[in-house]
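Q: Listed here are the chains, written in short residue letters.
Number of protein chains: 10
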Amino acid sequence: MTRERITAEIVNARLAKGLSWRQLADAVDRPLTWTIAALLGQHPIPAEQGAVLAELLGLDESVVPVLAAVPVRGGLPTAVPTDPTVYRFYEVLQVYGGAIKEAIHEEFGDGIMSAINFSLDVARKPHPDGDRVVVTLDGKFLPYAWTSADD
Amino acid sequence: MTRERITAEIVNARLAKGLSWRQLADAVDRPLTWTIAALLGQHPIPAEQGAVLAELLGLDESVVPVLAAVPVRGGLPTAVPTDPTVYRFYEVLQVYGGAIKEAIHEEFGDGIMSAINFSLDVARKPHPDGDRVVVTLDGKFLPYAWTSADD
Amino acid sequence: MTRERITAEIVNARLAKGLSWRQLADAVDRPLTWTIAALLGQHPIPAEQGAVLAELLGLDESVVPVLAAVPVRGGLPTAVPTDPTVYRFYEVLQVYGGAIKEAIHEEFGDGIMSAINFSLDVARKPHPDGDRVVVTLDGKFLPYAWTSADD
Amino acid sequence: MTRERITAEIVNARLAKGLSWRQLADAVDRPLTWTIAALLGQHPIPAEQGAVLAELLGLDESVVPVLAAVPVRGGLPTAVPTDPTVYRFYEVLQVYGGAIKEAIHEEFGDGIMSAINFSLDVARKPHPDGDRVVVTLDGKFLPYAWTSADD
Amino acid sequence: MTRERITAEIVNARLAKGLSWRQLADAVDRPLTWTIAALLGQHPIPAEQGAVLAELLGLDESVVPVLAAVPVRGGLPTAVPTDPTVYRFYEVLQVYGGAIKEAIHEEFGDGIMSAINFSLDVARKPHPDGDRVVVTLDGKFLPYAWTSADD
Amino acid sequence: MTRERITAEIVNARLAKGLSWRQLADAVDRPLTWTIAALLGQHPIPAEQGAVLAELLGLDESVVPVLAAVPVRGGLPTAVPTDPTVYRFYEVLQVYGGAIKEAIHEEFGDGIMSAINFSLDVARKPHPDGDRVVVTLDGKFLPYAWTSADD
Amino acid sequence: MTRERITAEIVNARLAKGLSWRQLADAVDRPLTWTIAALLGQHPIPAEQGAVLAELLGLDESVVPVLAAVPVRGGLPTAVPTDPTVYRFYEVLQVYGGAIKEAIHEEFGDGIMSAINFSLDVARKPHPDGDRVVVTLDGKFLPYAWTSADD
Amino acid sequence: MTRERITAEIVNARLAKGLSWRQLADAVDRPLTWTIAALLGQHPIPAEQGAVLAELLGLDESVVPVLAAVPVRGGLPTAVPTDPTVYRFYEVLQVYGGAIKEAIHEEFGDGIMSAINFSLDVARKPHPDGDRVVVTLDGKFLPYAWTSADD
Amino acid sequence: MTRERITAEIVNARLAKGLSWRQLADAVDRPLTWTIAALLGQHPIPAEQGAVLAELLGLDESVVPVLAAVPVRGGLPTAVPTDPTVYRFYEVLQVYGGAIKEAIHEEFGDGIMSAINFSLDVARKPHPDGDRVVVTLDGKFLPYAWTSADD
Amino acid sequence: MTRERITAEIVNARLAKGLSWRQLADAVDRPLTWTIAALLGQHPIPAEQGAVLAELLGLDESVVPVLAAVPVRGGLPTAVPTDPTVYRFYEVLQVYGGAIKEAIHEEFGDGIMSAINFSLDVARKPHPDGDRVVVTLDGKFLPYAWTSADD
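Protein chains in written order, with the UniProt record's numbering: chain A, 1 to 151; chain B, 1 to 151; chain C, 1 to 151; chain D, 1 to 151; chain E, 1 to 151; chain F, 1 to 151; chain G, 1 to 151; chain H, 1 to 151; chain I, 1 to 151; chain J, 1 to 151.
Derived CB-CB ranges, DEER-like:
1. Asp121/G with Glu55/I: 39 to 47 Å
2. Ala47/J with Gly109/G: 55 to 63 Å
3. Glu48/A with Leu56/I: 23 to 31 Å
4. Arg124/A with Lys125/J: 57 to 65 Å
5. Asp121/B with Lys17/F: 53 to 61 Å
Below, simulated SDA-like cross-link-like pairs (lysine to any residue); rule was C-alpha separation at most 20 Å, straight line:
6. Lys17/F with Pro44/D
7. Lys125/D with Phe108/C
8. Lys17/G with His105/H
9. Lys17/E with Asp60/G
10. Lys125/F with Thr136/E
11. Lys125/A with Trp146/C
12. Lys125/F with Glu107/E
13. Lys17/E with Arg3/G
14. Lys125/E with Ala123/F
15. Lys17/C with Ser62/E
16. Lys125/A with Thr147/C
17. Lys125/E with Thr147/G
Hints in this document: simulated from the structure, not taken from any laboratory. Each residue gets a CB set at the ideal place from its N, CA and C atoms; glycine is no exception.
Starting from the given sequences, assemble the full structure and let the hints guide the process.
A: The structure is reproduced here in structure tokens:
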């Protein structure tokens, strides 16, 4: 069974069994958003945790080594996302992408925010006009550096 | 002069005059990332601030009403960004877009993070393994609601 | 069974059983266009209504939790719709999108019509030269606002 | 001067002269959204009105015959609009396009809402939770009909 | 069974049974090109004719209500057709699309040829240098008209 | 001056001088749609006719050899046309392309309608329910033939 | 079974049975490249030859009428081919397409090389620096001609 | 002046001066199709020949070093060519690309026809049914070989 | 079974059996990256090695002739890769593609690095700031040469 | 002057002055490929070096601050490169991208080769069958790590 098929089965099994993502994250003691991303096929899941999750979700244990392998990442079905909840983040890139780039360069110089040495948090913050979704992207700054390996 | 031409002139004038984005933001007393986005053509700039910025940047005052008009937004030259600093945020969407969506739905129910009632912050956070770029997206949660206007 | 497969089964079952969308909407006491959109996979259907609809359509009750989950939205098979009935609305965007944008900004200022706090109506209106389709899009105005959560 | 260049000049001249779209529409006694669409290059403007508008906007009178010619329509710079105000209407198509199609077919049978014999209105409607943008699309129903010309 | 699957079965069954499109059109007493288009999934087929065709083609009668429903139209597998016979018509659009537009506007004014109130004929015409394919597109002229429904 | 620039000048000059396409076609004694297509950059215009047209339109005589050269054809600014008048013909391809293909094959066998040995006519035909646009595509049938040159 | 499925079966059966394309071409006494193209789904295969090929490849005889029907042509899985052997021919078009066009026009005048009245040969030619692939494209010249059918 | 601008000037100057491609090729004693490709911006032109061509075409001698530099190749304005004369070769790829690939592999084994060690010829061949365009693509066979440089 | 299906089975079987790519490469005594590419469907695998690999991976021996055939190459599921590990190499092309091209031309003249007479190595190189991935692309230089076969 | 315009001027000025990339790199004492990439608009050039290069190339000194700013990176004019020299590297990604990914994961675990902490070398290596282009990509391995900033 390919990782994509396993992902589809996970999505369905979670709903059928009425498990929350939080329950699954707690069962393997990993952060919530990491766990969802991994179960949606975007991260390898170490065999120990994979076995726990497979049992909770009622999946065959043969999925464990596939879950443990590094997947081919990329979870958007189209280059521009159509789902409104996801699209808003693409819109943020369209409207603020240039500003984020300039702000990083002014503060740190030439380089990027790593999306590999990186974590992500989604939180609810109270506000008198209605609670807010606060998404924190937290990645190591990587300066452009022209380095070579030792030969 | 179209807004696009004005944006190109702003980009050059800022470099020629050696002004930082922070100086420009302080001159009009607005948040840094808002100011950059606005000067990159993504927000209208009220005439009062527009006049200050135009003078600082040495632009003709005829740009002021164009800056004050709501622009056609969207700042990526291609649907998938090619610039590495901007691309990392698109990559975050590819890898974590699904997880963000599920985490929002589990915490708030069906709906979205607004990208309109929204602010954005780019900050440096210290870390022993190298300082980090922390980008905070902060938008009002909007639940799907089937409301109608009074006729 | 994925939501997509369930949608395909709903489309067929409705035709096989000769049920109108109106009958389905009335059975769950929801607006017509909301009900069609939900049955076409664009909205979660609460379990109570989902159970009623599943029974009416002769679907297995295992679909109920999948119908109740927030779906990945987006119902056009191509970015530019090919179906003539749907295309006309895309054409309206091509011809009048700029005018709608300017009219909103002149009346309300900078901001958008929400597509989340939103409802939609399709009605027949009589006209001596032939009856007319009147589609009313009704969404809350959301002004651009640079608000932050309390930390 | 091509129609596209004239459109760009109109956009700028209107801002420079501080004219509202409403003032321009009133000057030629045409509906507001029709007038905006026409000035944005989506409709021919009869010579009489074109002359009035050219004078108001300070354009050379040589633009009048170009404004009076049927333009090549289509005002979105990309197939999927990037501007948030315009995008919301594309999102409505993604989420509700199928429902609109089915509702039209259930009420009228096989056919389309004309986008040619068509008018459009953008209005503010009061609502206790915040005023609403109400966009009314009003087009003649055209049934699929296999008719031939007389030979 | 979805309409797409039924279309695939029709294509195969016709070949297996050695039926010509003409025989199928005659069996339901409809024009040839309408019948082919409908059997290729582009038009609803009323139940009476659908039953005749299903029997002729040896399809299960459960397809009849699906054939009778308005389909999601659009029969090109890619935006630019790759099949040479179909491509030539796309090429005609590339080479003569502008001329057709201008000729319509010069003769009729601003408006379109309807593709809904429309019929199509494919005929053989003799010619000393080799017979010719003559395709006649015949659609009602629809003038742009800014009409509204009665409220 | 490139052919594209000349085409843009022709479009403007015709409007400025108030010449109809018919007048231009008559001046060079060529069919109407051929003449429009050629003036829109889709056909070479022999020097004799080119000189007549350049003088009528007030263009410099240096355009004559450029008009006489075979152009790079293809007149749609996007792969899927956005102009409603032109789009309807693309829609005809989406809805009837398969039927046209099958009708040609059933009548003529394997092959195509030539778009090179080809002419096109746009005519008004009266009809009690409103006059009709009749577009006749008339191309030589070319059978697939595996022929080789003499070596 | 659709033509696409039959093509996939042919590809596999040929490898499983160890048959060369040449053997298949000889069995039906047709040119090599025509035979490969036809077996890859790009040409109809007359029933007599189809029966021979089906038997050789061990396919069910029900494929014969499907093979004999004119297929929907177009064999590239993406608009720009990714396979290096095929890509080189696309590259030839990118680098020499304009030159081929100009050379044809200079030698023959306005028109095209037919891809319908056409044959193709792939041959090995010896060369001291390494043997060469010589692909000969041989198509009838078709001059642009504005011809009409007799009415 | 960029190479693209120089190419545009060459195209116009050749027409204005009434020079044939053959005359230009003869003036520098290079093959016809190589010369056209080079003048259309697809090959570097050595300074000696560049000077001859620049003088013949009346271009400033400053273009010579730009013509002598290796250009960024790729001459199709769109991924799928719209010009009918060029498109036919793309169509050949769609219909015969797979057959060419298989024929090369059966004759030569795994590898490609080089498009670098390559020449191209366009010729007229007489035929009783009409003269034919014969395009010969002639490239060295390059077998896939896993070779490494000496370290 | 198509090559694509076999590739999917290989991917799964390797994980299920806990075999490293190195073990598979050693079993057939071929370079590591060649072996991975071949098992991912990008190279033919000679029957002898194919049989060894099929047995190791527990695949049916009927896959051996399919593995031995030249595949249709091209392993990216989208034109721009979404997987971050693969994307970095696309980014290298965006940022350094022009520089690589110019460096090759300055050192070697007009021509290319062959991707056919080519090998590839992925190695770990130690570095005090963290080990480095060193990917060596090693291809024969092919100069542009206008050579023809002997007729 | 925008960075893009400056890049175009650099490209021309270098050719006009007959400077090699090596001479330019030596003048600022930076690696060759870094220098070319920077001059092609892909890296900021510190003011000191920018001044040297501007003088060598005869550019106005006003370009120096623009060269010193971090550019919007991305140098391919199309998503899939059309230039043969550049395309070969895209082809390497199509054929070997999966193998590179798997080899990195097997050697290093989950992570990427950095394209930021990265250098690149293009070298000539002798080989009896013809000299070879050896391109060495050398980037720091970055393991996926779920790290957060200190709050």
